[in-house]
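Peer 1: Here is how the chains run, residue by residue.
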Amino acid sequence: MTAESLFSIRNLSVEYHTRGGDVRAVDDVSFEIRRGEILGLVGESACGKSTLGKGLMRLHRVPARITGGTLLFDGRDLMSLDEDEMRMVRGGEIGMVFQDPMTSLNPVQRIIEHLTETILAHEPDTSEEQAKKRADELAEKLGIRAERLKEYPHQMSGGMRQRVMISLALALRAKLVIADEPTTSLDVIVEAKFLDLLRELRQEFGLTILLITHNIGVVAEVSDRVAVMYAARLVEIGDVRSIFADPKHPYTRGLLRSVPNIELNDAELYKMEGAPPSLLHPPTGCRFHPRCPSVMSICKDSNPPMSNVGADQQAACWLYINNPQLAEVKHD
Amino acid sequence: MIDEVRIPSATQTTNAIKNLVRLENITKHFPVQSGFIAVLLSKGKVPAVRAVDDISFTIRKGEVFGLAGESGSGKSTVGRLVLRLLEPTSGQVFFDDIDLNSLETEEMRRMRARMQLVFQDPLASLNPRMTIGQAILHPVTIHMSNLPKNEQRQRVLDILTSVGMNPPESFYELFPHQISGGQRQRIVLARALVTNPELIVADEPIAMADVSVRALLLDLMMKLKKEFDLTYLFITHDLATAKYVCNRIAIMYLGKMCELGPVRDVYEKAAHPYTRALLQAVPVPDPLHRRKEPMPAGEIPSAINPPSGCRFHPRCPIAIDKCSQEIPPLLEVSPGHLAACWLAE
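Protein chains in written order, with my numbering: chain A, 13 to 344; chain B, 19 to 363.
Hints are computed from structural coordinates only; laboratory data are not their basis. It is possible that part of the hints are untrue.
To give a feel for the contact side, a few chain B residues facing chain A, derived at Cβ under 10 Å [stated by the list, open to error]:
1. Leu-104
2. Gln-201
3. Glu-222
4. Thr-259
5. Tyr-285
6. Leu-297
7. Pro-301
8. His-307
9. Pro-347
Straight line, CA to CA, 27 Å or less: simulated BS3-like cross-link-like pairs of lysine-lysine [what the hints assert, rightly or not]:
10. B:Lys-287 with B:Lys-79
11. B:Lys-36 with A:Lys-283
12. B:Lys-167 with B:Lys-36
13. A:Lys-312 with A:Lys-283
14. A:Lys-144 with B:Lys-36
15. B:Lys-310 with B:Lys-79
16. A:Lys-162 with A:Lys-145
17. A:Lys-153 with B:Lys-79
18. B:Lys-310 with A:Lys-283
19. B:Lys-310 with B:Lys-244
20. B:Lys-36 with B:Lys-63
21. B:Lys-310 with B:Lys-36
Glycine residues also receive a C-beta, built at the ideal position from the N, C-alpha and C atoms.
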């Protein structure tokens, strides 16, 4: 693995304090985001993928808090920064795009004002004219006509608003964009165009993108690598082609098989039994064991660590770990 | 006259293909609210959103009829028109050869026992202060009030079992927030089925569910269809899912139907350029797959002033002069497969 790491996440845990007890929504997650890649982070609702995305920017407020881990971004430990320094990183070096762009944009501010204000806030030395010029250029590259910049967010369509969000990130020359379900509120044709745009931007600006989504098809279309989360933990990560061709973790296998595919003529969809567990009382050992078709007794007792299962593919599953216990288990 | 409680086998006399629902030249315009002065200046001509414009189709008994399109295509409005939850601006809706608009309020209320609606968000469809049992019992007390109390309760328990909520007694007293999203959608289905309807209008019924839960819900819907001899109008934006459940599918764009036919024909031999674009745009879960055709330019125009002629013509890659002048009729391109395009063969 020669690709350079831009963001190294080590043992990150995030907890929510609730009346029912503390919920660990991200549990000891470690992975790398490589420079220039699109990393897809997939998982079902409440698996902790959005909490993880916010955790990377230390965006959590009470009742959530980061309870452990290091966040090494471009050579700096984000956990050691104070709130002012962190604010310059957010929106500056790390851009954000959320699912609903309407709630991310100020309804009573014209798009151009929003863009220039953001540039000026992060780079006070820039003159207002320069900032405006930069905003104009960017908008053109993103397919937003100059006259539309004078509009208010409600006058734009969902796809256009999402382009504005991306232009905000690019205006500050972000090194990383964290996009949390950016296409979920968009129609398929608009979504397809937005994904094309993401790919182009990666080429042109050398942008690194963490794409958080529940849509497996979207991940397959644009990602270089994919990370799969289940019940607050990372279960598999690796090269997108390897994982789609040969998923190793039983959860990844089930997940990929239950995605409807418009191209194939399968008569039936795979049906995974059960439902994801409550994070208030997660299962012991491997959290997927109650639903796993290849469960062994060791799976109930201890959590499997990540291990190499391919050239650029790791999975957290006892099936792939040479464990002395494993031989015994198989005899049972 | 409709019976208070429908006996399922009574109406099924023939096995021949029978139309359960027939829409004839249905149009629905929603007036746009505007200011007092604007109304004066417009001299009584109030602008309207042309949500559904002159649509005709039939839903056959026992089929799953898919209605697909992007946001604002009018697909949900059609669903509500079928149930007469909205009054059409013009045109007629026939259910079992009865013109719904000719029915009085009371007759229509009874008719509703035969047709039910399932929405996208099950949490929003369930009263948070009603237990699951009460929620399902409610339609029974309205439509089957002549049944004794204990039989009414038994009906609820039976339907809970049918939708896979076992044992039913343990769910009866629970509130919607105490169960998972997938289970809630099962409850909504149970409530829809408890009056023994013939038609279920399912408006994006699984759009909120997770992938692993989706397959189970679709499977359940198909099982229930067999068990209760149902007909579905399946409204969706997700063509990949529609492929697995629908027999026939209709594609809508800006209030117009652009294509209709058996699922296989529409997916493999799409005759309308919009259908082709829509099918191309669906993300395929295969990293080696790449889209072949470019996406149509621009965005969906406003339904207040839709484009003249074919509504897709400003974005269509193959449009000719005629497309901007004349509205293409929905014509057969092969048996049972219709398209509204001047260039369709």
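Peer 1: Hint by hint, say whether it matches the structure.
Peer 2: So, going through the hints one by one against the coordinates:
no.	hint	result
1	Leu-104	violated (23 Å)
2	Gln-201	holds (8 Å)
3	Glu-222	violated (13 Å)
4	Thr-259	holds (5 Å)
5	Tyr-285	holds (7 Å)
6	Leu-297	holds (7 Å)
7	Pro-301	holds (3 Å)
8	His-307	holds (7 Å)
9	Pro-347	violated (25 Å)
10	B:Lys-287 with B:Lys-79	holds (25 Å)
11	B:Lys-36 with A:Lys-283	violated (33 Å)
12	B:Lys-167 with B:Lys-36	violated (36 Å)
13	A:Lys-312 with A:Lys-283	holds (23 Å)
14	A:Lys-144 with B:Lys-36	violated (64 Å)
15	B:Lys-310 with B:Lys-79	violated (38 Å)
16	A:Lys-162 with A:Lys-145	holds (14 Å)
17	A:Lys-153 with B:Lys-79	violated (52 Å)
18	B:Lys-310 with A:Lys-283	violated (31 Å)
19	B:Lys-310 with B:Lys-244	violated (39 Å)
20	B:Lys-36 with B:Lys-63	violated (41 Å)
21	B:Lys-310 with B:Lys-36	violated (40 Å)
Against the hints set out earlier in the document, violations occur for numbers 1, 3, 9, 11, 12, 14, 15, 17, 18, 19, 20 and 21.
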